[in-house]
Amino acid sequence: MGAAITIDNLGKRYSADDGHTVQAISNLSFQCNPGDFLCILGPTGCGKTTLLRLLSGLAKPTEGRILIDRQPLEGIHPKAGYVFQQSALFPWLRALGNVAFALRMQGMSREARNEQARFWLDRVGLAGFERAYPHELSGGMAQRIALARALIVKPSLLLLDEPFGALDERTRHTLQNILLDLWRETRATIVFVTHNVEEAVYLGQRILVMAPPPEKSSEAILIDQPHPRDRLSEEFVASLLQVRKAFEKTLCRGY
Amino acid sequence: MKKKSASLLHRLIAGLILPALLLGLWHFASSRSATVVPSLGEVWAVLAHPLREPPNLDSPSLFACTAISLARVAIGYALAVFSAVPLGLTVARSDAVRRIVMPLVEFARPICPIAWMPLAIILFGFSSLGSALWGHQAWRHDFLGQIQFAMVAIIWWGAFFPILLASVQGVEQTRTLYLEAALMLRATRRQLFRHVILPSALPSVLTGLRVGLGLAWMVIIAAEIFPGTRSGLGYMITTSHQVAQYEYAFACIILIGVLGFGMNAALRALSLRVGRWQAKER
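Protein sequences, first through last, are from chains P and L. When we follow our numbering, the leftmost residue of the first sequence carries the number 52, and every step to the right adds one. When we follow our numbering, the leftmost residue of the second sequence carries the number 18, and every step to the right adds one.
Keep in mind the hints are simulated off the structure, nothing from the lab. Being a predicted model, the structure only gives us computed values, none of them experimental.
Distance condition first, Cα-Cα at most 20 Å in a straight line; then the derived DMTMM-like pairs of lysine to aspartate or glutamate:
#: 1; chain 1: P; residue 1: K300; chain 2: P; residue 2: E250
#: 2; chain 1: P; residue 1: K205; chain 2: P; residue 2: D232
#: 3; chain 1: P; residue 1: K111; chain 2: L; residue 2: E197
#: 4; chain 1: P; residue 1: K130; chain 2: L; residue 2: E197
#: 5; chain 1: P; residue 1: K205; chain 2: L; residue 2: E197
#: 6; chain 1: P; residue 1: K296; chain 2: P; residue 2: E249
#: 7; chain 1: P; residue 1: K296; chain 2: P; residue 2: D275
#: 8; chain 1: P; residue 1: K205; chain 2: P; residue 2: D173
#: 9; chain 1: P; residue 1: K296; chain 2: P; residue 2: E285
This is chain L alone, in the form it adopts within the complex (with noise of 0.2 Å):
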């Protein structure tokens, strides 16, 4: 049973009470030790200039940044949607396909993804978009040079097993009633699958995207810290914290969370638009 919902004002003063006390928190504590956390108004400044680049730090701009981690998610989560839904759905409807992958991947379902990352170096080098579309011309094209397959391969790992698992519970919480109630109205097993299993299964996939798009931007920051990377929300943070110039590093986090923040609650508002009928169904 929900309750009834409260207004606006009311959501939005109350989810605002914990960030308030954070910051008073914040400010209390960089009065006292200003050399290693900064001030509100340090991290304010680099927030309030997304484009300038660091005078004293080796980083493009924050806003580059922040461009070259969403472009790495998008295409690492984008594979990890195109592999994973269909795979799920042909688990969940084969009994033979099933007893060939699933093994596989409850065994690799726990792997950390960025336990990948020597691996992933190794295999992909330092290759990237840009270098797979124009070779040694590369550098003309240093944005999608910036987003190296070695990245891609860890943020697909990372959304991949949520999704595929999300999509085959889906499948299989499809109630035999609507199935043989689609038979009775003369479905044929093709329509079957279009007009019954996905729909009836698309609340549960969608639930799975919205988790592996958390992972998938979570793992990004932890890849970009790796050696050999330029640029990324990560790399920002790695190198704020050589130099310590930490300002950087808060406004980087800062900034990771309200676009986290954002992805889920679109994601959020999509799979309410599309699972309407699921919300109060009990």
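Chain P on its own, in the form it takes in the complex (with noise of 0.2 Å):
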């Protein structure tokens, strides 16, 4: 089952070495239940990724709090899985070795491991690929083999910070399939980052639209459409001038 996310006042202040200071959020709540799919959509420089390493533990807010099934997040989140948006994968493990990681890392046996590694490349499509290197893999397995590796310990929260966001539209249609599946499978909560509307509209249940401080982020649009949704039909299309509509708005307070 998903965890729940409740977000209250929050705020991060970076401090550069010369003493000046960058405030990357400021003033953010949003609360989310379990099981949501939700898409943080913003420019570049709104403070989207910030928000992600917040919500994971990575880095700590200074400002308000975060509680995550009702308890305040300390340290990295035992049951956050997280995609980053640049290839992560170890390149010194074959496919195999980096999906089974996080089962390495409790002291499962090889055998155990490697067999729900194979597993997992399976649901994402990759199977018989256990023994690439991630330099002979195109950017899309690259971030197949990513999702799995996050969600081979069951996480009840994914964190995925515009994981697409480098592949070629057809490869990211699939892999937003494939993440829909997934995610009905697992019933994760889902936060997701992209700065593409069409993505945002296509994959989230609501859609937070960020802006860059001081400017206050809007509150989260809803989108009661099923999955999977059609890319071509008339609400799906309204929804996307909705939202890009949002959108554009922070981008003109903006600059």
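Dock chain one against chain two, each of which comes alone in its own frame, and use the hints as you go.
Here it is, written out as structure tokens:
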């Protein structure tokens, strides 16, 4: 079952070496129910990645707080999975070793973890690529493996940072559908960061349009359409327009 | 971008062009002044009979000299590896250790190992592995008696710094992305070191090992020229010079080159195997 997220007045300030501070996020509040698919949409520099880092526990907020399943977040969340923007696969491990990495850290035996890793490679459509090194794989394949690697520990919260941003459109669509299938099966809560309006509307149940501080981020937009969605349907195009308007507003105010 | 690799035969032929030219030049020079430059045949005669004790040279056989030089390098180099790699990994991971160690390292690094030879002789005298193990009975174990600590220390010095710096650099170059990815996959601090930092530093460490071995091999020849030595390739070169039997010096030089080439090739094959993932990662 997915995790519930409550974010309350969240703020994050970075201090540079010269004493200069940068406000990456300010006054952000939202809630996310267990099993939700939340898309965070926003232009570059609005603090999307920072938000994910805060949610994962890799970074600590300077203001406000994060509750996950009503518990304040301390350090790395034990049930969170993370898929990075660029391929963060370990280049010295083969595909199988990458997917099995988390189980190896838990001390699981080689046979047991490899069996599970094979299962997950198969789930993302890469059966037979066990022995490939990351540098031998295309960008799409690498992100599939990153997905399998994050899912093998059955996370209740899956954080994805523009995972398909560098892929061509057709590959991106395939991976979006794989992600939706996996979400339906695992019922994990998903927080998906993207700068692509169409991607957000295709995937998200709710879309939070983030604006760079000091602008306030908008309320989350509900996309009340069942998956799989038809990109050509009228209601899809209408939602697309609605979200794009909110998105354009953040851009105009910024520049 | 790497070009398509040429066939083995092509590379062999290309690599042999310059050595062949050198041999030609050598042959020409020896035909002009046979007293200073030994002929190819004379040098070949030395190389072809490595076990023969040189009749008019106060030196062990070519084979014995090679063995003793290799043994000295092996011990000094092993000490360097087992001291520099752990120290490098520690320095890279602790700012306190770095602040204590690195200033001295940067000061000491440019000092040529040979510059320490007089001091090393004062410190270690003529004590050797043999004399340390068997005391005054050492003459029974002549081979180990030839492994003087002074020379081992010099080799250690020569190989230590490149290995140390490469290890430090390897750890420092670990990408934050990989560390964070491993953290998100529930790696503990200790596991981060073992499963992320070490493998990602390994190619750099191996490069350091290669540079270090090359230096150790270079330094030993110079160290063996010092007085009091009775064996080794460097010693053979010196004595052959003293009695003007240059074919021995030439044979030694060729052998030094061949062995250095072999050591480098072996370590490179090892690092290509271990760092296979890195070869195409760009």
